[in-house]
Amino acid sequence: MPASDQTHAVRPRGRLSSQRMPKGKLAWDKDRTRELFRRYKEDGDEDAREQLIMSHLNLVRFLASKFKNRGEPLDDLVQVGTIGLIKAIDRFDLSRGLEFTTFATPTILGEIKRHFRDKGWSVRVPRRLQELSSKVNQVIDELTKDLQRAPSVEEIAKALGTSVDEVLEAMESSSAYSSVPLEGTGQGDDDDAPAVIDHYATEDEDLAASDDRMVIEDTIKDFSPREQEIIRMRFIDGLTQVEIAKRLGISQVQVSRLLRRTLKKVQEKIDPDGLMR
Amino acid sequence: MAEKSISLSVPAEAEFARVVRMTAANLAVLCDMNVDEVDDLRMAAEEGFVYSCATAPAECDIRFGLAPDEVSMDFSLGDRDASEAEGAEDLSLVQLLLQAVCNSCDVTEKHTLRLVKKIGGADAR
Numbered sequence: 001m002p003a004s005d006q007t008h009a010v011r012p013r014g015r016l017s018s019q020r021m022p023k024g025k026l027a028w029d030k031d032r033t034r035e036l037f038r039r040y041k042e043d044g045d046e047d048a049r050e051q052l053i054m055s056h057l058n059l060v061r062f063l064a065s066k067f068k069n070r071g072e073p074l075d076d077l078v079q080v081g082t083i084g085l086i087k088a089i090d091r092f093d094l095s096r097g098l099e100f101t102t103f104a105t106p107t108i109l110g111e112i113k114r115h116f117r118d119k120g121w122s123v124r125v126p127r128r129l130q131e132l133s134s135k136v137n138q139v140i141d142e143l144t145k146d147l148q149r150a151p152s153v154e155e156i157a158k159a160l161g162t163s164v165d166e167v168l169e170a171m172e173s174s175s176a177y178s179s180v181p182l183e184g185t186g187q188g189d190d191d192d193a194p195a196v197i198d199h200y201a202t203e204d205e206d207l208a209a210s211d212d213r214m215v216i217e218d219t220i221k222d223f224s225p226r227e228q229e230i231i232r233m234r235f236i237d238g239l240t241q242v243e244i245a246k247r248l249g250i251s252q253v254q255v256s257r258l259l260r261r262t263l264k265k266v267q268e269k270i271d272p273d274g275l276m277r
Numbered sequence: 278m279a280e281k282s283i284s285l286s287v288p289a290e291a292e293f294a295r296v297v298r299m300t301a302a303n304l305a306v307l308c309d310m311n312v313d314e315v316d317d318l319r320m321a322a323e324e325g326f327v328y329s330c331a332t333a334p335a336e337c338d339i340r341f342g343l344a345p346d347e348v349s350m351d352f353s354l355g356d357r358d359a360s361e362a363e364g365a366e367d368l369s370l371v372q373l374l375l376q377a378v379c380n381s382c383d384v385t386e387k388h389t390l391r392l393v394k395k396i397g398g399a400d401a402r
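So the sequences go chain by chain: C and G. So in this note's numbering the end of the first sequence lands on 277, straight run, no missing numbers. So in this note's numbering the end of the second sequence lands on 402, straight run, no missing numbers.
Keep in mind that the hints were calculated from the coordinates and are not lab data. Small disclaimer: the values here were computed from a predicted structure and weren't measured. Just so you know, even glycine gets a beta-carbon here, dropped at the ideal spot from N, CA and C. Treat the hints with care, since some could be wrong.
[Stated by the list, open to error] Chain C regions said to be covered by chain G (calculated; three or more residues, Cβ under 8 Å): (1) 104-110; (2) 218-225; (3) 241-248.
[As the list claims (entries may be wrong)] EDC-like, lysine to aspartate or glutamate: derived pairs with alpha carbons at most 16 Å apart: (4) 66(C) <-> 336(G); (5) 135(C) <-> 166(C); (6) 66(C) <-> 323(G); (7) 68(C) <-> 290(G); (8) 66(C) <-> 313(G).
Construct the entire structure; sequences and hints are all you get.
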């Protein structure tokens, strides 16, 4: 925004009333709310309190919905938010001239956030992401097998019962650090799931242009045509196991086995004494 | 640190909310906001986008301003009166949420919704 653009005064650290922000249609009857507060605060009318709670549950539901897909049932969040609403109703001072909803919103949000904090949510975030990241990888493998294609992020989110954002965050965190081997998932010799590298593999121009290509060609020159083909597709053309399977008209599991066997041969040829292991 | 500026232009369609939200969250991390502040900024970004869309701009232009002590988000607005938009009742909820998670939210005279979130400042308690 240009610096010359006139804005309304910014109050530091305040909850602004945004006086000149055009208002949407009001979801609450202000006069009725004031009257209910008067009856509750001045006459101790419990029925008025009840009505205040009921008439602001839409606000609680709206705020609670902002925290869905975080491992807590929405109903629980609505209940926690309702506690915040009741606290706000009991603490609200009509004489201060503030709109009740403006006063109540931070209180309700605070109660919901406290709920997560009490459950150790904040400190668990990295671990939660870490766990999700591992689940994402697992589900990608499962879906790739089932669908015979790379799944969409939405499909992964659906399978995990989480949001697309969370899956993207988990993928982000797993691409920063991963202890999972790039070829195979490291879950045993019979591990034929698509390699983790398949999830990220794209043609690596640097690799294609490097001496590695010549080394590979030299190494595989006396391999069978099928083995040579599969190595070239995988490491020179940068195809995923699923893509190779499609091209060769075989299953991804067969590709995985062929690759493992061929890679073992490559390893034995390059490093017969196992010095690099 | 002088203010750094990041601009994003997305179609004013609901499915692009994620792009806005995740951009905001990533920038919040770059500014060393804590996890609660990141959450607040992400929520503010989404609600700001919803508000902008309600005014039917041709495209939603968002400018993120990163200053040492605050992050600002300026959303371009269209010509439609937000209070006339479909779901205008929900818009009053959007405004309440914006006021609760931002340190300031204002509509400027140049059809811009300006949201400011202080770093290390107060958040919803």
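Now the hints, each set against the structure:
1. 104-110: With 5 residues in contact (Cβ-Cβ under 8 Å with chain G), the coverage given for the segment 104-110 of chain C holds.
2. 218-225: violated (count 0)
3. 241-248: n = 0 at 8 Å, threshold three: violated.
4. 66(C) <-> 336(G): violated (25 Å)
5. 135(C) <-> 166(C): Satisfied, since the Cα-Cα distance of roughly 12 Å is no more than 16 Å.
6. 66(C) <-> 323(G): holds (10 Å)
7. 68(C) <-> 290(G): violated (21 Å)
8. 66(C) <-> 313(G): holds (13 Å)
In the structure shown, a violation is registered for the earlier hints numbered 2, 3, 4, 7, in ascending order.
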